[in-house]
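Sequence lines, in order, name chains A and B.
Just add 13 to the spot in the first sequence (first one is 1) and you have the working numbering.
Just add 13 to the spot in the second sequence (first one is 1) and you have the working numbering.
Any given hint might turn out to be false.
Identical copies go unnamed one by one, so any copy, or any two together, can satisfy a pair.
[Claimed, not checked] Okay, derived cross-link-like pairs now, PhoX-like style, lysine-lysine, Cα gap no bigger than 25 Å in a straight line:
#1 K57 - K15
#2 K177 - K200
#3 K177 - K37
#4 K355 - K286
#5 K200 - K174
#6 K15 - K94
#7 K249 - K277
#8 K50 - K355
#9 K57 - K177
#10 K206 - K277
#11 K247 - K94
Hint data in this document are derived by calculation from the structure and do not stem from the laboratory.
Since the model is a prediction, treat every value here as computed from it, not as a measurement.
Protein chains: 2
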Amino acid sequence: MKIGVVGATGAVGEAFMDILERRKFPIDELRAFASEKSEGLNVKSCGREWPVQSLREGCFDGLDLVFFSSGDNISREWAPKAVESGAFAVDNSAAFRMNPDYALVVPEVNSNRLPSRKNPTIIANPNCSTIQLVVALSALRPFGLTDVRVATYQAVSGAGKSGKEELLAQTHEHLHAQMRGGEFAQKLTNEPKVFPHEIAFNCIPQIGSFNENGFCTEEMKITNETRKILEMPKLKVSAFTVRVPALNSHSEAVWVTFERRVSKEEIMSAFEKGAGLRLFSQSTDTTHYPTARMASGEFPVFVGRVHQDLNDPHTWLFWVVADNVLKGAALNGLQIAEQIFKQ
Amino acid sequence: MKIGVVGATGAVGEAFMDILERRKFPIDELRAFASEKSEGLNVKSCGREWPVQSLREGCFDGLDLVFFSSGDNISREWAPKAVESGAFAVDNSAAFRMNPDYALVVPEVNSNRLPSRKNPTIIANPNCSTIQLVVALSALRPFGLTDVRVATYQAVSGAGKSGKEELLAQTHEHLHAQMRGGEFAQKLTNEPKVFPHEIAFNCIPQIGSFNENGFCTEEMKITNETRKILEMPKLKVSAFTVRVPALNSHSEAVWVTFERRVSKEEIMSAFEKGAGLRLFSQSTDTTHYPTARMASGEFPVFVGRVHQDLNDPHTWLFWVVADNVLKGAALNGLQIAEQIFKQ
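Only chain A is shown next, with the shape it has when bound in the complex (with noise of 0.2 Å):
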């Protein structure tokens, strides 16, 4: 196979060419594509080097498939020349996900929206914080979902390489200062610049802009990509998203309301028996539950702390955790690319 990465050197392109090494995808050929400034650099992938290169035209030329995650407007303007040149596009961005001539995918949950290996075309990689949500959703619909609330604990690597950067540059120097004088830095050099707020030692409850409506372009995200991937376009979703100091991966508290009771051995054998998920199915003053920290570098979606509603017998409450670079981005198009091709 001859796959272009375009946003190489990102943190999501990165893990994408490790997952091809990790997974042992088939690569004749790799492509690596970043901005100017990075021509000349080279990028490892399946043990060889590639060299970076910049985009211009032909660039796509004979190549099986793209996957794209450098920004909503390079993907806008580069992956329908990527579909033009013969090639699928694998879209990271959030340029296609809502445009209905294409598909969003989670290849556990909708799998059969995907084109045939003969029909190249543009297929959108949903949101992060969508996916690992989804994949828990997918698995109780049999259960009639009618209403779902979440509240996301974010990392900072949702941001990229240089929202990690900016936290572990506060950090180090809040520490530094509480080493010297006791108390944390007053006045940080390393001033917000990625975030919105100081992010070490805090929450910030944004991600993304505003909406008049009062929810945030990633909440947006969540609700609509949610009811599109589960084509429930009446689905109850209501989100708030929150950035955590957590390096990496995404942790979400989710409500969701059934149509019909369900017992828990019910709920809990769905989960068990979901495509893409791990359960940890805890006991009562156990600790058996996923945390970021465990989850980071791992494919799978994790499923912990089932437990029903006190209120209400048709609400259970859940915890799912996955890494936000690799099953929220990465490894999902890398999955999309496997079942194109396998088919």
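Chain A is fixed; fit chain B onto it per the hints.
Okay, now just chain B, sitting in the frame of chain A:
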């Protein structure tokens, strides 16, 4: 006034003595109590040093009020003795909170439940995550509260000094490893002791131990204490509590459902006038909302991100932040004392 502080060397005890001074509480004598291993130490408050003593029979004689912040067992044994000796006992433990014989008080919400100055008794100080929630909910009571769902983002200071030390030590260890090798420590020397998992750069969906119903003790405290304080024994309150690597101040994402439809003007006006509240009124695309870092050291309960649910017009979302050691513990206790003695 002659005041006793039990747990004077703990984080909440120290905060209590600090705000006695900040709020100019008229102190004639301060008796600082702690475990025997702290005897011989001095604590500072109101411009003076006070020797630390251990609890013994008769130790409360002559005191007007004793603030307890040493855990359930100490309170269960010693708070009744403080009352017997003629003092009010303001108890920050969980020992008496749900006991129907004692008031559970947040002065802005139910100061009518406080005893008269002539009748010394035990007054229970609610759980930190409950206090900030009910201060916000209280302002919304005229709209008819029916359903509350809250996901918490709780700081390590809620676990006392050792909680802060564990976060800082683990964070330091990870940063040190990362500076040397580019990766976090695989195995920490500072293993989890205070928290059930590593807290540095992580989120832990457990505060306290688990009940058979699947909720942890912190979640049940929020449900039960909110009902008692608001005197709404059937109010639907469902909590999901999570420890995050914030150093101080708890944040909460809240969905609240009302009996009737409420306008944005009504809800903002209610929050603006709400006792003990400070409202951040956010416009589109600004970042004007409270965070844990900005709330630390402050007295009010901060509310922001007030917006209507898209699926259910009776439901509103908001974000509430407060210093858990101050308004969530020491300050609320001192406000109780201020109210009793100003009568």
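Original post:
Which numbered hints does this structure break?
Top reply: 3, 8, 10 and 11
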